[in-house]
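Participant: The two chains are supplied separately, each in an independent frame; assemble them into the complex guided by the hints.
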Amino acid sequence: MSLLELKDVSKIYGSLHALDHVNMKVEKGEWVAIMGPSGSGKSTMMNIIGCMDTPTEGQVLLDGKDISKVSKKEQTVIRRDKIGLIFQQFYLVNYLTALENVMTAQYYHSVPDEKEAMEALDRVGLADRAKHLPSQLSGGEQQRVCVARALINYPEIVLADEPTGNLDEANETIVMDLFRKLHEQGTTLIVVTHDPEVAETAQRTLTLRDGRFTKETVNEHFTGVIHYND
Amino acid sequence: MISASLLRRRSRMLIALLSVAIGAMILSGLVTIYYDVPRQMGAQFRRYGSNMIVLPKEEEFSAEDAEKAEEVIPSDEVVGAAPYRYENVRINQTTVLAAGTDMDGARASSPYWNVDGDWPAQTGQLLVGKEVAGKYGLKVGDPVTVTYTPEEVYGAGSDTEAESEEEMILDSEKDFTVTGILDTGGSEESYIYMSLEDLSELTETDGGLDILELSITANQDQLKDYADKINQTVDHVNARLVKRVAQSEGTVLTKLQALVLLVTVVVLALTMICVATTMTATVTERKMEIGLRKALGASDRSIIQEFLGEGILLGAVGGLIGAILGFFFAQGVSMGVFNNSIVFRPLLLPIAILVSMAVTGIASMVPIRATTRIDPALVLKGE
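Chains as they are written, first to last, in our numbering: chain A, 1 to 230; chain B, 1001 to 1383.
Quick caveat, the hints were computed from the structure, so don't treat them as lab data. Values in this document were obtained by computation on a predicted structure and should not be read as measured data. Please note that a few of the clues may not be correct.
Heads up, simulated PhoX-like pairs for lysine-lysine below, C-alpha to C-alpha not over 20 Å straight-line [to be verified]: (1) B:K1135 with A:K73; (2) A:K72 with B:K1381; (3) B:K1243 with A:K72; (4) A:K25 with A:K65.
If you want a taste of the chain A side facing chain B, the calculated C-beta under 8 Å gives, among others [said to hold, decoys possible]: (5) N47; (6) M52; (7) K73; (8) L85; (9) F87; (10) Y91; (11) E100; (12) P134.
A few chain B positions that, by computed beta-carbon distances, are all more than 10 Å from chain A [as the list claims (entries may be wrong)]: (13) I1053; (14) P1056; (15) W1113; (16) L1296.
Even for Gly, the Cβ is constructed at its ideal location relative to N, Cα and C.
So that you can see chain B by itself, here it is in the shape it has in the complex (with noise of 0.2 Å):
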């Protein structure tokens, strides 16, 4: 009979159905966009760069803490870590600051850089600095040599015969090739970037790292705990955040997800509204069938289940369809504002049916109620 009911009625009922599908295809798109705006954040502030820095607690830390220190976090949210290991070497006689890295870990880290040629794909090949480019008058193309002097001689002073001896033994030097300008507009300007094995070469020393940087898809809590474990595992090491990245990550994710939730429960209350309305609409239009089937003997139970079987069904319906057409309205809004497709969360089709069913259920409670009040001996004389 409900089937009927609404099978046989359907303009009334695709008004009804269309309501609760546009209803439900919003609040299923807006809570897929809840629950996938941090992972979209957090790729666009991947952008600006690593949100957690891994410190030596003296001097500097293995590579080998390095690894234990990236291993604490899930590597599916580890975007980019870059180690530095820095030095001051000399380049036609005047110092500059040279930092090895491996170069895929800084790109991914730091994907904001701007690099004017290439990224240093081997050995031999440097990045250098916009500001450190314009002081040499560096190229793109250009051969340089760069000079190391260890600390422990560098500056004590050349006065002597003998000193300057040592001097000249100690000193160690490569050639490079200059394969990119770095535009940062910020202080990496002032650096040169190799590898670390051509700053071990340089420095014929195997020297320890005095930086990791790390770019990690996750939130500000989850990144203090990374942050907590790291510096309870690992020796030597300091994990810090980089707060202006993590706590601007923090707010804007909190206040969108708190617009989120303010237009989803606005919606929810509309399409109860709009429920509620056409139920209203349905019973006063079938008025005259309720007192004949109380008429018949139907008691206010059976009519009120009637009517909201007909309501929960119209909810399954309508969410059903409404959860669909919500992955796709995600997907739109996710595509226009990320530039990034969303991830189907199979759970949200029956939590929308669920949620729509008892949004209709509830809507439907008032205008149901009424129909106990519908008296059969006045509808059947018209009155």
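Chain A on its own, in the form it takes in the complex (with noise of 0.2 Å):
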């Protein structure tokens, strides 16, 4: 049984099908990059992916269980317990130090565990800068920060969207890194992406256009650990 599947989802719009009948399949611990153009319907599938929406028809098994007609209240408990949400913008609180941001995840998740928290955080490289508020962090730092949030309640599934998107070549080089170190430990990846390079360096890279997947890869230059045919 994979660890997600979609079988012939659609997202309707008014008159606009933002999926079109989309089916995809994720084993555990696998790697997968979500590629294509603005409005190819990367969002739209990151959002029902990540329990944040649900689509207009057909199915999304998440191990096993079907939830796309789950309640708004159901959806939160999914996120909270099986998902891991990493964004673009990072989407760090202002006010909160970056040890904090870790473990406000925590917080709705179970109960806030400092030391738990570090670790995340010296996981990311980012021990020594926990204290620290957002703005005194760089972009490639708050992205770690945002990893380590992402990892802290141990998801199923970590969705990463556009996670270099906002960062400069050299914090792009770590944060992809970090990934595939994550990667080796075990960790479910899917990653939505319009950087090629980015893309390549999952196993597998499913191409999204118009709402429908229109390639799929297997990429030869994947250095990480096969896990999915364990």
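Facilitator: Here it is in structure tokens:
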């Protein structure tokens, strides 16, 4: 059984088919990139997988459970327990320190644990920046805080939306190395991007155009560990 | 998280805190004034003289009855108690009304009496009404002889020699020194005032009292209760309110308290509007953060709890600051209007805090409810 499966999923806004009968499977531990230009349906896909939206048609199975028709309340619980979100704009709470931002995710999940949050920051190499406010961190550092926050509750899927979109090349390398490390540790990663270089670092790339997958590429250059065939 | 939000978003929170604190200050100040106005106004009205009189049921009543009547009223509410005994006396062979009284009591119960000179402080001293002083050409320091003729003899005629002898025997005289001239603008100016001891000595009798004038700091209803209680418990007397004083006091108090209450309600409403506006601005400003929190798994309930917690904490701190400032505000108003300091009521402190918490809580409800409509998918995409 796949960790995530989309069966004939469509999202229709009036006459616009943002997603048009999409099928997709993601195995546990897999690193998948969803690539496409603006308006291809990436964000809609991200919202549906991230349980922030429901499809108009079709089924979304997460760990075998159909989450396509669940209530807003249930969506919140699924997001909290199973999904780790990483955003292009980082979305850190500006008046909370890096450590507190990580602990925010713990707060809604279980109980804030400073030691554990500190370890998460240490894993992304930011232990020494824990007490800094987001405004005192560089873009790359903010994104790493965002990664630590996404990982703190041990989600089944880490969903990253253009994670390097706001980063310079040096920081992009740091973040992608971090993703590689996460994948090696067994984390399931879905990265939504329009950048082919970022997409190529994943095991598999799905190209989305006008709400449909038009291409699936298994990346030859993938250097990480393949888990889903284990 | 709530404290971090309040402490690190200082500028926005200071505005909210200021509005709550000012609201709480005016509220607690006005409530303090509202409860202190009767006392303050009572003290002001006491300058206009007694508000209760105790009269004899028959001809006169004893000093013991007067004491019993006075004891009915809590001693801290009695501003002044003046017993009066009236007798017809003569100065230079013409009749004048003499009042024997307790000078301290008369002074306290009739603070509007204007005395040129001094109040009698010992026996043998006389306070003379302005009209009497004019009639006899009396000045402060003048000696004056006051003659008393018992009523059964006085006016009975003195045609026969025997009767004239009897009159001579019964007449009594006492020499006084005028210490003050009384100016009230009223009937008191046609009286002379001496101590009860002097009048007893002059009349050679411990005559009963004709009236007891009481000046009491109490509202009209309390005064009525005291009068009823005196009438029930003390024989030989009939207590009545001086209606022109008691009623005026009641009317002014009612209107003043209604005004203060009205202003309090208006301030309460304005504070609520101010807090609601600030909270609405806060929710709008933090829309992205709310969306993020929801994306991270925050339920609507937990978001509401956080914002409500912030609002209530703000209310508590603002209420505390406002309650303390409110006392000084009330003190300033009291000193300016009544020239009198206000009584600090410790109970107002927790009440002001609780009311502020309730006001901010209620005022925050509408903007906080708006947080439930925030869709994380939309706000995190900048829509």
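Participant: Could you check if A:Y91 really has its C-beta closer than 8 Å to a C-beta on chain B?
Facilitator: holds (5 Å)
Participant: Could you check if A:N47 really has its C-beta closer than 8 Å to a C-beta on chain B?
Facilitator: At about 4 Å, which falls below the 8 Å cut-off, the nearest Cβ of chain B leaves the hint on A:N47 intact, so it holds.
Participant: Quick one: work out the minimum CB distance from B:P1056 to chain A and report holds if it exceeds 10 Å, violated otherwise.
Facilitator: With a cut-off of 10 Å, B:P1056 remains clear of chain A, as the shortest Cβ separation is near 79 Å.
Participant: Please verify whether A:K25 and A:K65 have alpha carbons no more than 20 Å apart.
Facilitator: Answer holds: A:K25 to A:K65 is near 14 Å, not above 20 Å.
Participant: When you check the alpha-carbon spacing of B:K1135 and A:K73, does it fall within 20 Å?
Facilitator: Violated, because 98 Å separates the two Cα atoms, which is more than 20 Å.
Participant: Grab the minimum C-beta distance from A:K73 to chain B and call the hint holds if it beats 8 Å, violated otherwise.
Facilitator: holds (7 Å)
Participant: B:K1243 and A:K72 were given as a pair; does the straight-line alpha-carbon distance stay at or below 20 Å?
Facilitator: The hint is violated at about 71 Å.
Participant: So B:L1296 supposedly isn't at the interface. Is its beta-carbon more than 10 Å from every beta-carbon in chain A?
Facilitator: The claim is violated: B:L1296 sits with its nearest Cβ about 5 Å from chain A, within 10 Å.
Participant: Quick check on A:M52 please, does its C-beta sit within 8 Å of some C-beta on chain B?
Facilitator: OK, holds: A:M52 within 8 Å of chain B, min 4 Å.
Participant: Holds or violated: the hint that A:L85 contacts chain B, with Cβ atoms closer than 8 Å.
Facilitator: holds (6 Å)
Participant: When the nearest CB of chain B is found for A:F87, is that gap smaller than 8 Å?
Facilitator: At about 6 Å, which falls below the 8 Å cut-off, the nearest Cβ of chain B leaves the hint on A:F87 intact, so it holds.
Participant: Does the claim that B:W1113 lies off the interface hold, with its Cβ farther than 10 Å from every Cβ of chain A?
Facilitator: Non-interface label on B:W1113 holds, nearest chain A Cβ at 69 Å vs cutoff 10 Å.
Checked against the numbered hints above, the structure violates hints 1, 3, 12 and 16; every other hint is satisfied.
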